[in-house]
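Start from the sequences, fold in the hints, and give me the full structure.
For the sequence shown, counting from 1, position 202 maps to 209 in our numbering; every step adds exactly one.
In short, the hints are calculated from the structure, not lab data. Computed from a prediction, not measured in an experiment: that's the story for all the values here. Just so you know, even glycine gets a beta-carbon here, dropped at the ideal spot from N, CA and C. Check before you lean on any hint, since a few could be wrong.
[Stated by the list, open to error] Once the Cα atoms are required to be at most 25 angstroms apart in a straight line, the calculated DSS-like pairs of lysine-lysine come out as:
#, residue 1, residue 2
1, Lys47, Lys27
2, Lys27, Lys68
3, Lys69, Lys41
4, Lys69, Lys47
5, Lys27, Lys77
6, Lys47, Lys102
7, Lys68, Lys47
8, Lys41, Lys102
9, Lys102, Lys146
[Said to hold, decoys possible] FRET-style restraints, in silico, Cβ to Cβ:
#, residue 1, residue 2, range
10, Met79, Trp187, 19 to 29 angstroms
11, His64, Lys27, 26 to 36 angstroms
12, Gly264, Glu86, 35 to 45 angstroms
13, Ser80, Lys146, 32 to 42 angstroms
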Amino acid sequence: MSPSKVEEPPTVEELLHSVKSLTSTNGTFQQAWKNSFPDKFHCCEQGGFIYIDFPIHRPIKKVYVQMSSKGMSMNQRTEGPNASIDLNRPGINRKNVILVANFHTHPLSELVQGRAEPSTSDMNNAYYRGLPGIVISRKGIYAYGPTERNGTSNPKGYAPSVTMTGVPRPRLVINNHPPWTVDNQWPEGTGVEKPRTRELGIEEEKIEIPGLEKGKEILARASHLLDKIAPHRHHGSDKEQEVQHDDVILVEWSDEGVEYGEHLEEHAHD
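What follows is the structure, encoded as structure tokens:
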């Protein structure tokens with residue numbers, strides 16, 4: 008009897024074609040994009056890790072997603088330092104799976120020197136980690152790095168490095184949607200910010216609202232009282248409930264069975 012063929016890890020294109028909920032209107036990537044804009048003035052990178060069943064069997068019908076901690080907050084309306092997500096610690100609380108890609112958002116607009124495409128650091132890190140990466144940006148979905156995972160060793164973590172040949176180029180695998188515009192996304196979802204009146208030499212008018220400060224004080228006291236009566240009332244209320252899909256299973260993080268290599272810096276602007 009001949010030995011069974013070992014299936015190769017999938018490409019990003021195969022993953023997106025096979026698992027529709029990654030790119031659906033309320034799917035994994037769209038939810039990550041929405042969570043990248045907590046309010047009308049700030050944004051942060053969101054992302055995580057995509058696993059499939061191991062040994063690999065085709066057709067691939069589902070994936071397991073482990074969300075990473077979000078990146079630090081950035082002002083999405085002004086140029087400033089970039090705060091990238093940390094993708095150094097893959098891991099998942101599930102057996103018999105293999106990591107096949109990581110993903111993260113690039114939420115900053117080009118109006119404030121944001122970069123839609125994967126950065127130089129993104130691409131260098133992908134080859135060092137032996138794993139394809141995915142960037143979700145205002146221009147669509149980019150794949151970058153190796154075409155597929157480099158082998159099956161250390162399946163729940165990163166793979167052996169792949170040598171770059173020539174200048175690495177990202178691939179725009181989905182043009183525009185996803186992501187779809189979300190409410191807090193500047194400027195598309197909020198309207199272009201009004202000119203700063205002080206920069207134009209115009210004094211801003213201060214409007215006094217009778218009883219406003221007293222009302223704030225009453226609301227603060229009421230909130231404090233409710234915290235005593237129902238201390239768990241805020242749990243889970245600060246984040247919209249994740250939509251569940253049959254082909255995308257959200258799983259908690261675990262470092263069991265994962266070997267970690269060098270800590271790499273993530274920079275979205277270089």
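Tested hints:
| no. | hint | in the structure |
| --- | --- | --- |
| 1 | Lys47 with Lys27 | violated (29 angstroms) |
| 2 | Lys27 with Lys68 | holds (9 angstroms) |
| 3 | Lys69 with Lys41 | holds (22 angstroms) |
| 4 | Lys69 with Lys47 | violated (34 angstroms) |
| 5 | Lys27 with Lys77 | holds (24 angstroms) |
| 6 | Lys47 with Lys102 | violated (40 angstroms) |
| 7 | Lys68 with Lys47 | violated (37 angstroms) |
| 8 | Lys41 with Lys102 | violated (30 angstroms) |
| 9 | Lys102 with Lys146 | violated (35 angstroms) |
| 10 | Met79 with Trp187: 19 to 29 angstroms | holds (25 angstroms) |
| 11 | His64 with Lys27: 26 to 36 angstroms | violated (18 angstroms) |
| 12 | Gly264 with Glu86: 35 to 45 angstroms | holds (42 angstroms) |
| 13 | Ser80 with Lys146: 32 to 42 angstroms | violated (23 angstroms) |
Taken one by one, the earlier hints fail for this structure at numbers 1, 4, 6, 7, 8, 9, 11, 13, listed in ascending order.
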